Amino acid sequence: MNRWAKPLRVSGYSTGVIMLFLIPLFIKGPYTLHILILIGINIILASSLRLIHTSGQFSLGHGGMMLIGAYTSTLLAMKLGLSSWAALVLAGFAAAGLAFLVGFPFMRLKGIYFAMITLFLAAIIILNAEQWRGLTNGSSGITNIPRPDPIVIPGLLNMNFASKPDFYYFILVLTLATLVILYAIEHSRIGLTWLSIRQNDSLAESIGVNTTALKILGFSIGCFFAGIAGAFYSQYMSVINPSTFGFGLAIYVVAYMMVGGVRRFSGPILGAFLLTLLPELAAGLERYQPFVFVGILMLIIFFLPSGLIDLPKYLKRLFTRRSIHA
Amino acid sequence: MLEVRGLIKQFGGVSAVNNLDLSVHEGDLAGLIGPNGAGKTTFFNLVTGFLRPTKGKMTFEGWDITGNKPHSVAKRGIIRTFQATSLFPDFTVLQNIIAACYLKPKVGFWEEALHIPSSKKKKEHILNRALEITQFLGLDEVKDISAQSLPHGLKRILGIAIALAAEPKLLLLDEPLSGMNAEEVAEVVALIKKMWQRGTTILLIEHNMRAAMSLCQRIVVLNFGRKIAEGTPEEISRNKDVIQAYLGASGHVT
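Top to bottom, those sequences are chains A and B.
Sequential numbering of the first sequence, starting at 24, is according to my numbering.
Sequential numbering of the second sequence, starting at 4, is according to my numbering.
Derived from the structure by calculation, the hints contain no laboratory data.
All figures in this text were calculated on a predicted structure; none of them were measured in a lab.
By construction, the Cβ of each residue, glycine as well, lies at the ideal position given by its N, Cα and C atoms.
Don't take every hint at face value.
[Stated by the list, open to error] Which stretches of chain B does chain A cover? Using the computed rule of at least three CB atoms under 8 Å from a CB of chain A, they are:
id, segment
1, 64 to 74
2, 86 to 99
3, 162 to 173
4, 215 to 221
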């Protein structure tokens, strides 16, 4: 069984990826593609937040970091005329750089205190974006953000990002690349060390782990991807506005992560997928969306603390227990 | 090996460690004893960087380690265990030890992330070392059990295993025998002796006087943060100040 497990898994994953690439051939509706693109952004956000969480730190600042990415990319492209691709990468580094700088003082805090200070940081970032009108155009935001520069390989590929499928492919590649990188990091020595820090940081420190440096590294890497997601968002929407990246967004990202399950790599992916899709299915009830969200979140916290990803395991246990009683 | 000179630690107005001089030589199996609140654990915390001294100097193999961060003290080769049970609860026993092994041999990040063969070899090496340690400390039967479900005695031994995996030159054991029954005490005493015979220098804090006396060649006695005696177990058991510190000023045994 073991001999076939790996080839089976690999072929399963590759079939899945191929199907994801074929989707635009079958789904022509721009609205469905729009939802899929949003799911991609949310997967990047939730999975990168989970990376920070593996070292035991819980950040509520992901919205702020996404704003940094969105504005960095936009301003670099519009004010300095940089290529959108360079702007995308630099947006990631801008967020990571900020995370690195604040990391030194912030990592003295743990648990809820770290969550609070990252929340304050996000609030300060948003206030700055609203008040620094000369640079950011204040709370009215920036419009007419240029599309990504076209990618043309003669005879093979011609992407000018005038249509939804082009953006779909863009976010698909971006999401897959992000997931591969996050997965590789988590399964490296650094990932193992983060897990040990989360479980017992003074023990980790006592056997030679520089816990502060590693937590800062995790925070910076996580924020890098939040910045990338922000840059993509700005290029896709072509409009940005500080209020988009407020407290609500940070909470939503946390919800994607928690509802799916933090303990597993696939948890945030599932969470982002379901919770982005669900409100769309209940269109027309938009006003009640926060209630639905909070309701789901509370149900999960009470009944499935390890997240939806463990639902099959939970059901199995439930049924076997029943049969014992019967 | 470890030289401590004029070490002072004050909490508010109280001196937990007061002008302490202490040396540990390579190959020592030394004990640090004293009544509750004598400053023994504070001393460990000072040496390993978990607390900063108010005054004084500490060197290890010639390096000044005064005020260093815990992880850099650990990298110099001083590894401590904790008085309270301390392990990685969600890992299995073997994973606990592997996690500690991982910190020493340098497996390059990219090598491993990209699954380059040389990293596979190093991983195997780490696994073998971890298995060796489980065998050495008699944990091989429970190696796949999650650490939090171990019985107390084995948890304490796992704490020592984690420290050992980090390749200590000087091992500081903080009450390794606390909360154990007679059988477990005998087992851990034998283990400590075995580690020492394999060349690890050990300084331990212990309340179990009989065990400390039988284990250590040299004993340092602290009281109110001061060193009141130092010598072989026989010398210590005859020392007037020590008897007084333990039995009260009158010296009468009731």
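Hints and how they fare:
{"no.": "1", "hint": "64 to 74", "in the structure": "holds (count 3)"}
{"no.": "2", "hint": "86 to 99", "in the structure": "holds (count 6)"}
{"no.": "3", "hint": "162 to 173", "in the structure": "holds (count 4)"}
{"no.": "4", "hint": "215 to 221", "in the structure": "violated (count 0)"}
Violated hint: 4 only; the structure is consistent with all others.
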